[in-house]
Amino acid sequence: MYMKRAGRFFALLMLAAVMLAAPWAAQTAVVDVKEKLKPPKPVWEGVLSVAVVPSFPTLNLNGWLGACSRDFEKQEGNVLVSLREMTQEGVLTGAAAGNLPDILLFGAGVFNRPQDLLTRMRGAAAVKPGLSELGSVGGERYAVPLAMGGYCLLGNRSLLDGAGWSPNLTMGQTLELIKEKDLAVASPAMPYTQPLTAFEQMGETSGIKVDSEREHTKIWPDFALEKKYAFYVATQREVRRMATLQSAGKGFDTVILTPEEPVYVDQVLLGGMVDPKYSLKSDDALYRAEWAGRLFSFLLTDEMQLRLSQAGLFPATQVEGVYDADTQMGVIERSLQGELQCAEAFR
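Numbering follows the working numbering, with no gaps: position 97 of the sequence shown is 97.
Treat the hints with care, since some could be wrong.
EDC-like mimics (lysine to aspartate or glutamate), calculated; alpha carbons at most 20 angstroms apart, straight line [stated by the list, open to error]:
| hint | residue 1 | residue 2 |
| --- | --- | --- |
| 1 | LYS227 | GLU213 |
| 2 | LYS209 | GLU180 |
| 3 | LYS179 | GLU204 |
| 4 | LYS228 | ASP182 |
| 5 | LYS277 | GLU260 |
| 6 | LYS277 | GLU73 |
| 7 | LYS74 | GLU45 |
| 8 | LYS228 | ASP253 |
| 9 | LYS209 | ASP182 |
| 10 | LYS181 | GLU215 |
| 11 | LYS74 | GLU290 |
In short, the hints are calculated from the structure, not lab data.
Start from the sequences, fold in the hints, and give me the full structure.
Below is the structure:
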């Protein structure tokens with residue numbers, strides 16, 4: 001009798017143990033399923049730091065970069081992009097101290113030897129054929145073109161009509177008229193670009209008097225407000241500013257002439273990965289280089305390039321239609337779709 005009672009007690013004890021364990025086992029099974037359904041953890045998570053060196057006229061470059069960076073963050077899910085401005089001097093000082101950011105965005109004429117600051121990149125750049133070698137030296141790529149600016153002659157229509165100019169005249173014939181009528185031409189002095197060189201590449205300019213030694217802030221008012229010049233060697237900035245003046249009733253009728261091919265180009269935004277020896281974060285340099293390359297590729301997608309109107313710039317790729325074709329910005333965009341003559345960026 002005692003043995004039967006002991007057996008029953010043991011069976012009840014085992015049944016209670018099973019009942020108590022069942023919810024825990026079920027819960028464990030659910031947790032295991034949830035863990036299996038989770039996406040795999042990314043191989044790298046971090047913040048890409050980007051320094052933007054103001055180099056040539058733009059409208060809102062940082063606004064374009066910021067908007068594109070937020071979309072890139074959403075696409076990748078494991079990386080944040082931190083933007084800040086740095087001067088040329090600040091970059092060189094930072095390199096000496098070994099505390100540069102991961103990425104440098106800079107104009108083609110900012111540094112004498114940018115390859116000394118950057119690490120080599122793999123693969124070709126998916127950009128316009130005329131820009132494909134820009135950012136390379138000795139067959140090695142150190143930076144990729146991301147956007148560009150353009151030059152044109154912005155003319156005072158009233159002064160030109162008085163001199164006998166006609167829209168039917170070619171660029172060469174217009175330059176002859178400038179020389180014959182002794183028309184005044186203004187070309188601003190810029191720190192990293194050469195508007196005067198751009199003008200000289202437009203055709204035969206010998207004998208034409210050009211005011212080229214004053215800064216933009218000094219010489220632009222003499223053209224736009226005082227009407228002292230028939231032509232201004234303009235970039236996208238001046239075209240947009242004149243449009244703003246016209247909409248406010250303070251401007252005047254203008255004409256725009258773009259160069260014939262090959263078109264001189266020195267306003268190019270380049271992106272490069274800083275050599276890890278100049279950066280604070282060198283322990284995961286390979287991962288940072290990989291995601292820097294992904295960011296550059298993202299900025300060169302058609303969608304991001306078509307947004308360059310926000311920056312007042314033009315695409316580095318062959319995508320078309322950033323601006324309406326019948327606008328002055330559209331005319332400059334079209335002039336950059338042919339053969340280009342790029343200033344040397346890497347020496």
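Review point. Broken hints, numbered, in rising order?
Key: The structure breaks hints 5, 6, 10; every other hint is satisfied.
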